[in-house]
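Residue numbers (the working numbering), protein chains in the order written: chain A, 1 to 202; chain B, 1 to 105.
Hints in this document: simulated from the structure, not taken from any laboratory. Being a predicted model, the structure only gives us computed values, none of them experimental. No residue lacks a Cβ here, since even glycine has one placed at the ideal position from N, Cα and C. Be careful, since some hints might not be right.
SDA-like, lysine to any residue: derived pairs with alpha carbons at most 25 Å apart [stated by the list, open to error]:
id, chain 1, residue 1, chain 2, residue 2
1, A, K192, B, M38
2, A, K192, B, M103
3, A, K192, B, S102
4, A, K191, B, G57
5, A, K191, B, A91
6, A, K191, B, I23
7, A, K192, B, Y89
8, A, K192, B, F49
9, A, K191, B, I85
Per the computed footprint, the stretches of chain A lying under chain B, defined by three or more beta-carbons under 8 Å from a beta-carbon of chain B, are [what the hints assert, rightly or not]:
id, stretch
10, 11-24
11, 29-40
12, 69-77
13, 89-103
14, 160-169
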Amino acid sequence: MHPALFYIFAILAVAGAVALVCFRNPVSSAMAMVASFVGLAALFVGLNAFFVGVIQILVYAGAIMVLFLFIIMLLDLRVEQKAHYRGPIVAAGVLLPALFLIQLLGVLQNMPAEDPEPLALREASRQFYNPDIESPSEQSVIYQSLSDRKDPSLPDVHLVGNTLFMRYNFPLQVVGVLLLVATVGVVALSKKAAPGTAKPPQ
Amino acid sequence: MTDLHHYLFVSGLLFAIGLAGVIVRRNIIVIFMCLELMLSAANLTLVAFSRFHTVNGLPDYNGQVLVFFIITVAAAEVAVGLAIIVALYRARQTVDVNDLTSMRG
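Only chain A is shown next, with the shape it has when bound in the complex (with noise of 0.2 Å):
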């Protein structure tokens, strides 16, 4: 990634969260972690996780930035008073986060610097070579794109689906029923309760 890019990207998402936590309306607060999300999503892209970025934009500047936009318009949310804010927690809130970047600091100064190695596409290709498959059209489309004489390109998504499928099929099946057991329990904690049937304690 060229560096001029990856600064005006940081410089977004650090922007975006900072506007996220002083615009004192929540609708500005939405629409800042927009720009933040924006911005790492176009990290992600420099750091060839393509996919990962495409998913970003998807389920965080679009689905649950909808879904904070349509709570806080449901609940009809007002600017909040500056009265609020008390001195201690503030000085909190500052002192804790500057001193987690310190020690980050510290940690990062011991670390030797180096520029991310260049990726070995056809070297790669050799992993996903089956030898057991005759004819070369019927060869995966990770091992054809990897090796591609005139212009070799990271199948990314692929590489992901593999690995996800491959490796972790496991834990996908975990993740896919840990979200149709939080459908059941946001359909149960807003449904209201039937008539006659005792009121929840308050």
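Please arrange chain B on chain A, whose structure you already have, making use of the hints.
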């Protein structure tokens, strides 16, 4: 050039800003957004390590699969959390954490 330090520092900065928001802000929905920001900052660390740790010339895809799982769990968490916030608002007519102190010891 952009080496691993830059990515880790940006990630740590985003995490710290999110933490500051969680501590300072009083609106429970904004606190929730800051939590999402902290999760995304952790994702940036994972993707950066995945790219800088090449295995056979390819990025380490184990890290990216973990990011996929984190995003899935975060989406489920947002759905359940916002449902809880709506239920809370129905019961108390407030989203300000200063007014929600019935569990304080």
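Against the structure, the hints come out as follows:
The hinted pair formed by K192 (chain A) and M38 (chain B) fails the criterion: a straight-line CA distance of about 33 Å is larger than 25 Å. For the hint pairing K192 (chain A) with M103 (chain B), the CA-to-CA distance comes to about 24 Å; that is within 25 Å, so the pair holds. For the hint linking K192 (chain A) to S102 (chain B), the alpha-carbon distance of about 23 Å falls within 25 Å, and the restraint holds. Our distance criterion of 25 Å between C-alpha atoms is broken by K191 (chain A) and G57 (chain B), whose separation comes to about 52 Å.
The hinted pair formed by K191 (chain A) and A91 (chain B) meets the criterion: a straight-line CA distance of about 13 Å does not exceed 25 Å. Restraint check for K191 (chain A) and I23 (chain B): not satisfied, since their Cα atoms lie roughly 31 Å apart, outside the 25 Å limit. As the CA atoms of K192 (chain A) and Y89 (chain B) are separated by approximately 13 Å, the hinted pair is consistent with the 25 Å bound. With a C-alpha separation of about 46 Å, the suggested pair K192 (chain A) and F49 (chain B) falls outside the 25 Å cut-off, and the hint is violated.
Straight-line distance between C-alpha atoms of K191 (chain A) and I85 (chain B) comes to about 14 Å, which keeps the hinted pair within the 25 Å bound. A stretch counts as covered by a chain when three or more of its residues have a beta carbon under 8 Å from one of that chain; for the stretch 11-24 of chain A and chain B the count is 6, and the coverage holds. Figure legend: the stretch 29-40 of chain A, annotated as covered by chain B; annotation consistent (6 residues with Cβ-Cβ distances under 8 Å, at least 3 required). Closer than 8 Å: that is the beta-carbon criterion, and the stretch 69-77 of chain A has 5 residues meeting it against chain B, so the requirement of 3 holds.
As drawn, the stretch 89-103 of chain A meets chain B at 10 residues by the rule of a beta-carbon pair under 8 Å; at three or more, the given contact holds. Evaluation of the coverage hint for the stretch 160-169 of chain A: fulfilled, as 6 residues show C-beta separations to chain B shorter than 8 Å, against a requirement of three.
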